[in-house]
Amino acid sequence: MLFPTTVFALFFAIVFALHWSLVPVPRLRKVVLLGASLFFYGYWSWKFALMLLASAVLNHAAACWIDRTDDPRARRRGVAFSVAANLLVLGFFKYTGFFFTKMLVPLAVPLCARFGTTEQLIALQEQVLPVIERIVLPVGISFYTFQALSYVVDVYWRKTAVAASVLDFANYLAFFPQLVAGPIVRASDLLPQMGRFPDRSVRLDTGRAATLILGGLFKKMVVANWLAQHLADPVFAMPENYGAGDLLLGVYAYALQIYCDFSAYSDIAIGCALLLGFHFPINFHAPYFAVTLQEFWRRWHISLSSWLRDYLYIPLGGSQRSATRTRVNLLLTFLLGGLWHGAGWTFVLWGAFHGVYLSLERVVRRLCGLPEKPSANPGLLWALLGRVWIFHVVCFSWILFRAPSLPVAGDLLRGLCQWETGCQLLTGRAVLVLGIGFALQLLDGSRPRPVWDRVNRWPAWVQGVAAAVILTLILGAGPSGVAPFIYFQF
Amino acid sequence: MSRQSGTTPPEAIGMDVGRACFCIGVFFALLLLCNGAAMYESAGRLAYGPARDFWRAVLRPVERVSRVSGLFHARGWTQATVGEWLNQMEKE
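Chains W and V, in that order, give the protein sequences. Its first residue numbered 1113, the first sequence is counted upward by one per residue in the numbering used here. Its first residue numbered 46, the second sequence is counted upward by one per residue in the numbering used here.
Think of the hints as simulated: they come from the structure by calculation, not from any bench. No experiment lies behind these values; they were computed from the predicted model shown. Every residue gets a Cβ at the ideal spot worked out from N, C-alpha and C, and that includes glycine. Watch out, some of these pointers could steer you wrong.
A partial selection of chain V residues facing chain W, derived with a Cβ cut-off under 10 Å [claimed, not checked]:
1. I58
2. G59
3. A65
4. L77
5. L78
6. C79
7. Y93
8. G94
9. W100
10. R101
11. P106
12. V113
13. G121
14. W122
Computed Cβ-Cβ distance ranges for the label pairs, DEER-style [to be verified]:
15. V:D61 / W:L1448: 30 to 36 Å
16. W:C1529 / V:G121: 36 to 42 Å
17. W:K1485 / V:V110: 32 to 38 Å
18. W:R1270 / V:W122: 31 to 37 Å
19. V:V107 / W:L1199: 54 to 60 Å
20. V:G94 / W:K1485: 54 to 60 Å
21. V:V107 / W:L1233: 33 to 39 Å
22. V:V110 / W:L1241: 36 to 42 Å
Far from chain W, by Cβ distances over 10 Å, these chain V residues were calculated [to be verified]:
23. D61
24. R64
25. N80
26. M84
27. A92
28. P95
29. A102
30. E108
31. R109
32. R112
33. G115
34. A119
35. R120
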């Protein structure tokens, strides 16, 4: 079920009404919310909704067992088993094809040629490939697997109390606003809220919720879809047909498209949760205003970057050991972060690029005698230069991320190096939409708080009318049809 | 990489649940009236089958009220002006 659809609007209206009318029956309210989340997911595939439920039951059982056990070795075995089981399921659905076709076969081809068993390899491929092609990636599996892992590991580290019931944990894991594309909300943030549902004494920040939902729909339906349709998709589909100016425009367009698309999903998720009385942490904070790449990762997909830091980078040793070890840890973290996004060498290279650049950034800052973290108030010129530079560094990495294959990425990079005059995609509309996409970052974080507060002071009916009129304008301005969110594929 | 921020629930701001429910009710009612005709048209573009029949049956009365009230003009006007200007494909 996609957010910008009639079906979701109807679904949300029903869930909202049930959620607030069942306040006197708390247990039923929890069951209804879980049922709604499973319906939301099962609307796409019931089989995978059952798998999600099974994941919730098994992870909660593992967490309870770890929590009850005092023997450190048994606890370690328990957490290792749970982590391995989660990663196995994720690996099976997400990486089987990649492992077989992109790693195993290319390695086996020269070996089989040497030992004269090429025919057997071809026969094996003919048998295995149809099976692999039947594997369907469950939407959002990467997101809910990471949430489940963080819960089990936090219980093991005794950072989070085990959920009071499997119902609470299932509601945490399957909560529909953030189920399929994040944010990856930590158990310590959401589980207590799932344990004690908000009652009618709470006040709903409708100003913020409306701004987030309508802003998110505008970002997705008008800006991201336009940038994809008119600039990014054509350029990345056939880079050889475009000159350097158009290619550059296509890359800028993709950078803004992925920001508008993904942050839109997060904003709508946060807004919907707010209307149900739940609070999520922010996931984007004006990422293209970053002065360094390190700062970029503090502002982009914050829930994933902090997850990778807490459950991968720091357990590997973080920056507490030697400089070389820190660099290796960074590289490993980003390689796996790249692989989390997708099973392909382009994603691995994207992660490697970020890991290597972050390591270099640390070295250069140390050589120049600069502090590890950039100053909060750098000079105007330095901030401007830093922002422009980092925006282009990130844009370069998006080429690897978006290109369907390494040869296409190569074609695009080659095209960018062969400058020609003329730019057929550069129009007034393109400049306008790119500008709006960039400026929308100003709505991130708590910057629009004065606007939310002002909206909150309006009478309820005025808020409802204003929101309906604005959404109608958004629906009218956007292209027809519903494009799925980019992060659904991860 | 930073710690997640904004995790603390904000102070009691906004409106109480009852007024919020009323606000959402007004929102959905007006949204239906403004977009009823467009939604009915869109349901007509679904593949033939029970889902299409269901949505057309559900949206038929909404479409009528939308047309009678004249509120469908808001969506139609936006689509005909901003939407068409913005979404037209560039001439080769």
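How the hints compare with the structure:
Interface hint status for I58 (chain V): upheld, as the beta-carbon distance to the closest one in chain W is roughly 5 Å, under 10 Å. With a least beta-carbon distance of about 4 Å to chain W, the hint placing G59 (chain V) at the interface is held under the 10 Å criterion. Proximity of A65 (chain V) to chain W holds as hinted, the smallest CB-CB distance being about 4 Å (cut-off 10 Å). Among the interface hints, the one on L77 (chain V) holds; its C-beta lies about 9 Å from the nearest C-beta in chain W, closer than the 10 Å criterion.
Taking 10 Å as the C-beta contact cut-off toward chain W, the hint placing L78 (chain V) at the interface holds, the least distance being around 8 Å. Hint on C79 (chain V) holds. Least Cβ distance to chain W is approximately 4 Å, under the 10 Å limit. Proximity of Y93 (chain V) to chain W is violated relative to the hint, the smallest CB-CB distance being about 18 Å (cut-off 10 Å). Look at G94 (chain V): its Cβ only gets to about 15 Å from chain W, farther than 10 Å, so that hint breaks.
Checking W100 (chain V) against chain W: minimum C-beta separation of about 8 Å stays under 10 Å; hint holds. For R101 (chain V), the interface hint is violated, since its Cβ never comes within 10 Å of a Cβ in chain W; the closest pair sits about 12 Å apart. Nearest Cβ of chain W to the Cβ of P106 (chain V): about 15 Å, over the 10 Å cut. The hint is violated. For V113 (chain V), the interface hint is violated, since its Cβ never comes within 10 Å of a Cβ in chain W; the closest pair sits about 17 Å apart.
The beta carbon of G121 (chain V) is positioned within 10 Å of a beta carbon in chain W (closest approach about 8 Å), and the interface hint is therefore held. Hint status for W122 (chain V): holds, given a least beta-carbon distance of 7 Å to chain W, under 10 Å. Under the hint 30 to 36 Å, the C-beta atoms of D61 (chain V) and L1448 (chain W), about 45 Å apart, miss the expected range. At roughly 47 Å, the beta carbons of C1529 (chain W) and G121 (chain V) sit outside the given window of 36 to 42 Å.
In this structure, K1485 (chain W) and V110 (chain V) break the distance hint of 32 to 38 Å, their C-beta atoms being roughly 58 Å apart. Separated by about 60 Å at the C-beta atoms, R1270 (chain W) and W122 (chain V) break the suggested range of 31 to 37 Å. V107 (chain V) and L1199 (chain W) have their C-beta atoms about 47 Å apart, which leaves the hinted 54 to 60 Å range violated. A C-beta distance of roughly 57 Å is found between G94 (chain V) and K1485 (chain W), which places it inside the suggested range of 54 to 60 Å.
Taking 33 to 39 Å as the suggested C-beta distance range, the pair V107 (chain V) and L1233 (chain W) does not conform, at roughly 60 Å. Between V110 (chain V) and L1241 (chain W) the C-beta distance comes to about 54 Å, which lies outside the given range of 36 to 42 Å. Look at D61 (chain V): its CB is around 6 Å from the nearest CB on chain W, not clear of 10 Å, so calling it non-interface is violated. For R64 (chain V), the requirement that its beta carbon stay farther than 10 Å from each beta carbon of chain W is not met, with the minimum near 4 Å.
Look at N80 (chain V): its CB is around 6 Å from the nearest CB on chain W, not clear of 10 Å, so calling it non-interface is violated. The claim that M84 (chain V) lies off the interface is violated: its Cβ sits roughly 6 Å from the closest Cβ of chain W, which falls inside the 10 Å cut-off. Every beta carbon of chain W lies more than 10 Å from that of A92 (chain V), the smallest distance being close to 14 Å; the non-interface claim holds. For P95 (chain V), the shortest C-beta to C-beta distance to chain W comes to about 14 Å, beyond the 10 Å cut-off, and the non-interface label holds.
Its beta-carbon lying about 14 Å from the closest one in chain W, A102 (chain V) satisfies the requirement of being farther than 10 Å from that chain. For E108 (chain V), the requirement that its beta carbon stay farther than 10 Å from each beta carbon of chain W is met, with the minimum near 13 Å. For R109 (chain V), the condition that its CB be more than 10 Å from all CB atoms of chain W holds, with the nearest at approximately 17 Å. With a closest Cβ-Cβ approach of about 15 Å to chain W, R112 (chain V) is found to remain outside the 10 Å limit, as its non-interface label requires.
Against the 10 Å criterion, G115 (chain V) stays outside the reach of chain W, whose nearest CB is about 13 Å from its own CB. Chain W draws A119 (chain V) into its interface by the beta-carbon criterion, the shortest separation being 5 Å against a cut-off of 10 Å. The Cβ of R120 (chain V) sits about 5 Å from the closest Cβ of chain W, inside the 10 Å cut-off, so the non-interface label is violated.
The structure does not agree with the numbered hints 7, 8, 10, 11, 12, 15, 16, 17, 18, 19, 21, 22, 23, 24, 25, 26, 34 and 35 stated previously, though it agrees with the rest.
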